Amino acid sequence: MTIELLVTHNGTFHADEVFAHAILSKVYPAATLLRTRDEAVIWATRGVVFDVGGVFDAGLGRFDHHQADGPRRADGAPYSSVGLIWKTFGTVFLEKILLDAGTEDVQAVWQVLDDTLIRPIDLLDNGVGDNRSDGIGALVDDFNLFWDDTGNEDDAFWRASLAAVEILSRRARRAAAAIRARSIVVEAIESASDPAILILPRHVPWEPTVFQASGEILYVIYPRQDLWYCTAVPAAPGSFDKRKPLPAAWGGLRDDALRAASRIADAVFCHPALFICGAASREGAIAMARASAEA
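Just so you know, my numbering puts 97 at position 113 of the sequence shown, and the rest follows in order with no gaps.
Source of the hints: derived by calculation from the structure; they are not laboratory data.
Just so you know, these numbers come straight off a predicted model, no measurement behind them.
Ideal Cβ positions, reconstructed from N, Cα and C, are used throughout, including at glycine.
Be aware that one or more of the hints could be misleading.
[Claimed, not checked] Simulated restraints, written as ranges between beta carbons of each label pair:
no.: 1; residue 1: Gly222; residue 2: Ser198; range: 16 to 22 Å
no.: 2; residue 1: Arg208; residue 2: Trp27; range: 52 to 58 Å
no.: 3; residue 1: Arg208; residue 2: Gly60; range: 41 to 47 Å
Construct the complete structure from the given sequences, taking the supplied hints into account.
Structure below.
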């Protein structure tokens, strides 16, 4: 289908319509953006209208959520314009970003972005999300003109949209990379001689697979640059608590001080927060993990 016009409201913009436009700008790169609240123009539009117009009908290209009976997810959570656009166009967007990904991986990445980025914006725009000063909503709001700014509002929207495209693209590629790493992590789990210590052949995203596969893994070991690292596994995804932190006596120590405290000859450092330490060799990192597990 050829879409020549993308329409949303003018005035102050928010994360939902900015990210909605970011998605649509990749799906319909030749389409023109029009920001207006003129009802006559909106209803005459033969294109995609989002976050304005009072109608949700994907077949008609209408993606508003402000009506009294606005669209909701299966669990009752309200959609915003970006959730509706993502539901309809997200797969096409990802196919343009993840050129080598298969259908199954695209769907998996779609779900990751829906869970971690799109849904939170939906909730925020509907007044039921976490309106943090360092959250995505506040970051998008920073692109709006301030009270005495003489800039162009549409230019500001475009700058925000370009940033949103980059965020979506980077989040998608990161999620796809995590999916590609799954087989490496699974193989390491299956071949582990100690169920508490996972040794990876390289630094890859391990958290999703570890949380799904085993509650026994306490430490993950991997090489990166010139060191071998030992990381304490979080108690739950996103938690700062650890299943078993590194020994308190190691916290903040480096080099000779850490070697004396740990009795590990090539220990290099231990973070004060007791979540990561490192050694010069694979064997040293394994020794640190074993000592931590036994502490």
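request  = Please name the hints from earlier in the document that this structure breaks, with their numbers sorted from lowest to highest.
outcome  = When the structure is compared with the hints, none of them turns out to be violated.
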